[in-house]
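Model the full structure from these sequences, guided by the hints.
Numbering (the working numbering) for the sequence shown: 1 to 220.
No lab work stands behind these hints, which were simulated from the structure alone.
Just so you know, not all the hints are guaranteed correct.
[Stated by the list, open to error] Only pairs whose alpha carbons sit at most 30 Å apart, straight line, appear in this in silico DSS-like list of lysine-lysine: (1) Lys-59 to Lys-29; (2) Lys-29 to Lys-63; (3) Lys-29 to Lys-75; (4) Lys-63 to Lys-96; (5) Lys-96 to Lys-59; (6) Lys-59 to Lys-75.
[Said to hold, decoys possible] The calculated label-pair distances, taken between Cβ atoms and stated as ranges, are: (7) Thr-155 to Gly-87: 51 to 61 Å; (8) Ser-157 to Thr-43: 33 to 43 Å; (9) Thr-45 to Thr-101: 49 to 59 Å; (10) Ser-21 to Gly-53: 49 to 59 Å; (11) Glu-72 to Ser-157: 51 to 61 Å; (12) Leu-214 to Gly-185: 49 to 59 Å; (13) Thr-116 to Thr-45: 18 to 28 Å; (14) Gly-164 to Asp-130: 40 to 50 Å; (15) Asp-62 to Asp-37: 21 to 31 Å; (16) Gly-173 to Glu-102: 14 to 24 Å; (17) Pro-82 to Asp-135: 11 to 21 Å.
Even for Gly, the Cβ is constructed at its ideal location relative to N, Cα and C.
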Amino acid sequence: ARGGGGSNEEAGAVLTPALESVVDNAGDKTGPLQNGDATDDTTPTFNGSGTPGNTILIKDGDKVIGTTTVNESGKWEFTPEPPLSEGTYQITFTEKNPAGTESAPTPPFELTIDTTPPGQPGAGGNGGIDLVIDDVGLVTGPIANGGTTDDTTPTLSGGGQEPGATVTIIDNGQPLGTVIVGPDGTWTFTPPPLSEGAHPFTLIVTDPAGNASLPSDPYT
1 ARGGGGSNEE
11 AGAVLTPALE
21 SVVDNAGDKT
31 GPLQNGDATD
41 DTTPTFNGSG
51 TPGNTILIKD
61 GDKVIGTTTV
71 NESGKWEFTP
81 EPPLSEGTYQ
91 ITFTEKNPAG
101 TESAPTPPFE
111 LTIDTTPPGQ
121 PGAGGNGGID
131 LVIDDVGLVT
141 GPIANGGTTD
151 DTTPTLSGGG
161 QEPGATVTII
171 DNGQPLGTVI
181 VGPDGTWTFT
191 PPPLSEGAHP
201 FTLIVTDPAG
211 NASLPSDPYT
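Right, here's the structure in full:
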């Protein structure tokens, strides 16, 4: 729905444009973005509606970062040029008619541009696989790196990661599954039953913006 920039165009007021979608088109993680999200896409696409022929002004705070024109179908699209740099933006949209009358702004759409991947898990104090637990059979407890176990579903855990990040557990180059890092920066994962033999577990961390780390060193 259109905003409340005025009662109608005929009276000289200009209605506030509608922002209908913001889309991440880059990287492994793509799709619609919500207010407050982070993205690794420095040129996300903004789509909305307005009065045909009017100009849409895109602003970060008081700074105009671009303009676009409402097409004859009442739709508009904007892709930042130049690309947005890293940081948090409070993006608003106003609409201006040919006479130069400008509408009230939309509510701010907060967007964080983050193109920096997480550090390699386990390197420099960044959490990797901190603990593997055997909780089956007569002998239970922590399994040392390089150790053996009769538990085909040992519990893997770690910490020191960004809340909301995705941890992908990999065994012999094949993904076993994923888990979301909790608010305290920790995660826990139980794999499907494992076959006999060595299992060199590694992990990759993908932050909420979609940036992926290098794989950790193996925990076998």
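To see whether the hints hold, each was checked on the structure:
At most 30 Å may separate the alpha-carbon atoms for a hinted pair to count; Lys-59 and Lys-29 meet this at roughly 26 Å. Straight-line distance between C-alpha atoms of Lys-29 and Lys-63 comes to about 29 Å, which keeps the hinted pair within the 30 Å bound. For the hint linking Lys-29 to Lys-75, the alpha-carbon distance of about 26 Å falls within 30 Å, and the restraint holds. Between Lys-63 and Lys-96, the direct Cα distance comes to roughly 16 Å. Compliance with the 30 Å bound is thereby established for this hinted pair.
With a C-alpha separation of about 13 Å, the suggested pair Lys-96 and Lys-59 falls inside the 30 Å cut-off, and the hint holds. Proximity of Lys-59 to Lys-75 is assessed by CA-CA distance (about 18 Å); at most 30 Å being required, the pair is judged to hold. Restraint check, Thr-155 to Gly-87: a C-beta distance of roughly 38 Å breaks the suggested window 51 to 61 Å. Look at Ser-157 against Thr-43: about 38 Å separates their beta carbons, and that is inside 33 to 43 Å.
The hint said 49 to 59 Å for the Cβ distance between Thr-45 and Thr-101, and at roughly 27 Å that hint is violated. Judged by the Cβ atoms, the range 49 to 59 Å given for Ser-21 and Gly-53 is violated: they are separated by roughly 22 Å. At about 57 Å, the beta-carbon gap between Glu-72 and Ser-157 stays in the expected band of 51 to 61 Å. Under the hint 49 to 59 Å, the C-beta atoms of Leu-214 and Gly-185, about 19 Å apart, miss the expected range.
Evaluation of the 18 to 28 Å hint for Thr-116 and Thr-45 yields a pass: the beta carbon distance comes to about 22 Å. At about 19 Å, the beta-carbon gap between Gly-164 and Asp-130 misses the expected band of 40 to 50 Å. In this structure the supplied range 21 to 31 Å holds for Asp-62 paired with Asp-37, their Cβ-Cβ distance being about 23 Å. For Gly-173 and Glu-102, the Cβ-Cβ distance of about 56 Å falls outside the hinted range of 14 to 24 Å, so the restraint is violated.
Checked against the hint of 11 to 21 Å, the pair Pro-82 and Asp-135 fails, with Cβ atoms roughly 54 Å apart.
This entry does not satisfy hints 7, 9, 10, 12, 14, 16, 17, going by the numbered hints stated previously.
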